[in-house]
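Let the hints inform the model, and build the full structure from the sequences given.
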Amino acid sequence: MNTTNSPDPQDLPRGPDREDPDLLLCDYLDGDLSRRERLRLERRIKAEEPLRDDLRRYGMLSGLIDELAEEGVEGVDYDLQRAEIISAIERKALLNPPRRRAMILRPRFWVTAAAASILLAVSAGLLVFGLYGGPADVPVAEMVMSGGAPAERGRQEISVQIAPPDLAELPIEMDADPHPGEPAGTIAVSFGAPSAGADTVGETMVVY
Amino acid sequence: MSGGREAKAADSPGVPDAQLVRASKRGDLTAFEGLVERYQRRATAVAYRLLSNREDAMDVVQDAFLRAYSQLDSLVKPARFGAWLLRIVSNLSLNFRRARALRRTDSLDAPADDEFRGGMSRPDPGAVNPAAEASASEVKQRLAEAIERLPNLQRQALVLFAIEKLPQKEIAKMLGSSVEAVKWHVFAARKKLKEQFKDYL
Chain H
1 MNTTNSPDPQ DLPRGPDRED PDLLLCDYLD GDLSRRERLR LERRIKAEEP LRDDLRRYGM
61 LSGLIDELAE EGVEGVDYDL QRAEIISAIE RKALLNPPRR RAMILRPRFW VTAAAASILL
121 AVSAGLLVFG LYGGPADVPV AEMVMSGGAP AERGRQEISV QIAPPDLAEL PIEMDADPHP
181 GEPAGTIAVS FGAPSAGADT VGETMVVY
Chain A
1001 MSGGREAKAA DSPGVPDAQL VRASKRGDLT AFEGLVERYQ RRATAVAYRL LSNREDAMDV
1061 VQDAFLRAYS QLDSLVKPAR FGAWLLRIVS NLSLNFRRAR ALRRTDSLDA PADDEFRGGM
1121 SRPDPGAVNP AAEASASEVK QRLAEAIERL PNLQRQALVL FAIEKLPQKE IAKMLGSSVE
1181 AVKWHVFAAR KKLKEQFKDY L
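Protein chains in written order, with our numbering: chain H, 1 to 208; chain A, 1001 to 1201.
The set of hints was computed from the structure by calculation and includes no laboratory data. Glycine is no exception: its CB is placed at the ideal position from the N, C-alpha and C atoms. There could be a bad hint or two in this list.
[Unchecked claim] With the C-beta cut set under 10 Å, the calculated list includes, among others, these residues of chain H facing chain A:
no., residue
1, Asp-20
2, Arg-56
3, Ile-65
4, Asp-66
5, Ala-69
6, Glu-71
7, Tyr-78
8, Gln-81
9, Glu-84
10, Ile-85
11, Ile-86
12, Glu-90
13, Lys-92
14, Ala-93
[Unchecked claim] Between beta-carbon pairs, the in silico distance windows are:
no., chain 1, residue 1, chain 2, residue 2, range
15, H, Arg-38, A, Ser-1135, 32 to 38 Å
16, A, Arg-1098, H, Asn-96, 26 to 32 Å
17, A, Lys-1165, H, Trp-110, 43 to 49 Å
18, A, Ala-1018, H, Gly-63, 33 to 39 Å
19, A, Ser-1137, H, Leu-80, 25 to 31 Å
20, A, Ser-1052, H, Arg-43, 37 to 43 Å
21, A, Pro-1016, H, Pro-50, 44 to 50 Å
22, A, Ala-1136, H, Asp-53, 19 to 25 Å
23, A, Ser-1137, H, Glu-42, 32 to 38 Å
24, A, Lys-1025, H, Glu-67, 37 to 43 Å
25, H, Ala-114, A, Arg-1103, 54 to 60 Å
26, A, Glu-1138, H, Arg-43, 34 to 40 Å
27, H, Leu-127, A, Pro-1016, 51 to 57 Å
28, A, Ala-1079, H, Glu-67, 29 to 35 Å
This is how it looks when you write it as structure tokens:
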């Protein structure tokens, strides 16, 4: 509620009205007017007494507000306040030690992971293409389908003869075609080094 | 507080905020103490002006520095620590006011705060009786009360601009509004105060 008939600032239109004398006076005191605006306002102030009164009031109000800056906080022991703040931080740190960021969230993790991936890829490339001269040079294992009658429940045996005698890790090519007349079922894959004139099987692994 | 820390904190005046913030992020509490020393007065003044209660202001300032320390990682521009801190102080003060007002409304014999009266203002400094003789200190006291009764944004803008002398651009960032809006709130507050204190000025 105002004691005067002047409009409540709350009711004033939103946004600055450059012609509002009150706004011009505040801008004048804040030094926010252009030279042209300032000179024009000063001419008006000289000519209009109400404007002079309002300028004086705004000036006094600014002075009073300035004086309020230190009111109420004089005598505060800032050294004590600072010590209390630091102590509180130390206590908090002791009670709740800072949680380390999850490894996966740290940028360093991703840089390391990327570097490791590149290193792994390069190493694998060197291993395959350098040591063995590339996949084309790897001898393909000979695969022989086992003879004889199929086992119960239509088990199909596949014997794989590893061509190199050193049992090196080689790719295994399996012929998935079943024996004629055999139902599809369990596939047994056997590994073993070939021996003279026989399909010798050294180890057998059953793959379901 | 150790003597060593006091000596180091005293060395911080020439060190840029950004450097102190970076050191604080690494866990250097002495660096953060330098920041506290640099901004505690301004933070206390802002909190007091927004809360009009010294004890409340001291609590809010301590809470603000604790939050600032724990959230330093979220400060994108370390050089702007001061504005960021005052924004925390300002927001915490506002929250404190609201909580305080709620506590008052819970009390049957305490008057409700303006903010919980549907935005209606209290009667004019009521207190401000044009016919009465008032000393300068009384006028200042009434002015402080009138500032406290201003709407939140007007009060914050006026306190930060006219009392703390912060640039409007800075205040706009602190309050998350435009410079024009800050300018408007400061102006509206001044105009209202000028009208209320017309017979004293």
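Q) Does Lys-92(H) pass the interface check with chain A, least Cβ-Cβ distance below 10 Å? A) The hint holds - Lys-92(H) has a Cβ within 10 Å of chain A, the shortest such distance being about 7 Å.
Q.
The hint names Tyr-78(H) as touching chain A; please verify it with the least Cβ-Cβ distance against 10 Å.
A. Tyr-78(H) check passes; min Cβ-Cβ to chain A is 6 Å, inside 10 Å.
Q) Within 29 to 35 Å or not, the Cβ separation of Ala-1079(A) and Glu-67(H)? A) Cβ of Ala-1079(A) to Cβ of Glu-67(H): about 32 Å, so the range 29 to 35 Å holds.
Q: Mind checking the CB of Glu-84(H) against every CB in chain A and telling me if the closest is under 10 Å?
A: 6 Å, holds
Q: For the hint on Asp-66(H), just tell me whether its beta-carbon gets within less than 10 Å of chain A.
A: 8 Å, holds
Q | Ala-93(H) as an interface hint toward chain A, with CB separation required under 10 Å | A | 8 Å, holds
Q.
Holds or violated: the hint that Arg-56(H) contacts chain A, with Cβ atoms closer than 10 Å.
A. 7 Å, holds
Q) Is the distance from the Cβ of Ala-114(H) to the Cβ of Arg-1103(A) consistent with 54 to 60 Å? A) Given a distance of about 55 Å, which is inside 54 to 60 Å, the answer is holds.
Q. Would the stated hint for Ile-65(H) survive a check requiring a Cβ distance to chain A of less than 10 Å?
A. Holds, because the Cβ-Cβ distance from Ile-65(H) to chain A comes to roughly 5 Å (cut-off 10 Å).
**Q.** Per-residue hint verdict: Ile-86(H), partner chain A, C-beta under 10 Å
**A.** Cβ of Ile-86(H) sits 5 Å from chain A, so the hint holds.
(Q) Min Cβ distance, Gln-81(H) to chain A: is it shorter than 10 Å? (A) Holds, about 6 Å.
Q. Has the hinted range 32 to 38 Å been met by the Cβ atoms of Ser-1137(A) and Glu-42(H)?
A. Given a distance of about 34 Å, which is inside 32 to 38 Å, the answer is holds.
Checked against the numbered hints given earlier, this structure breaks none of them.
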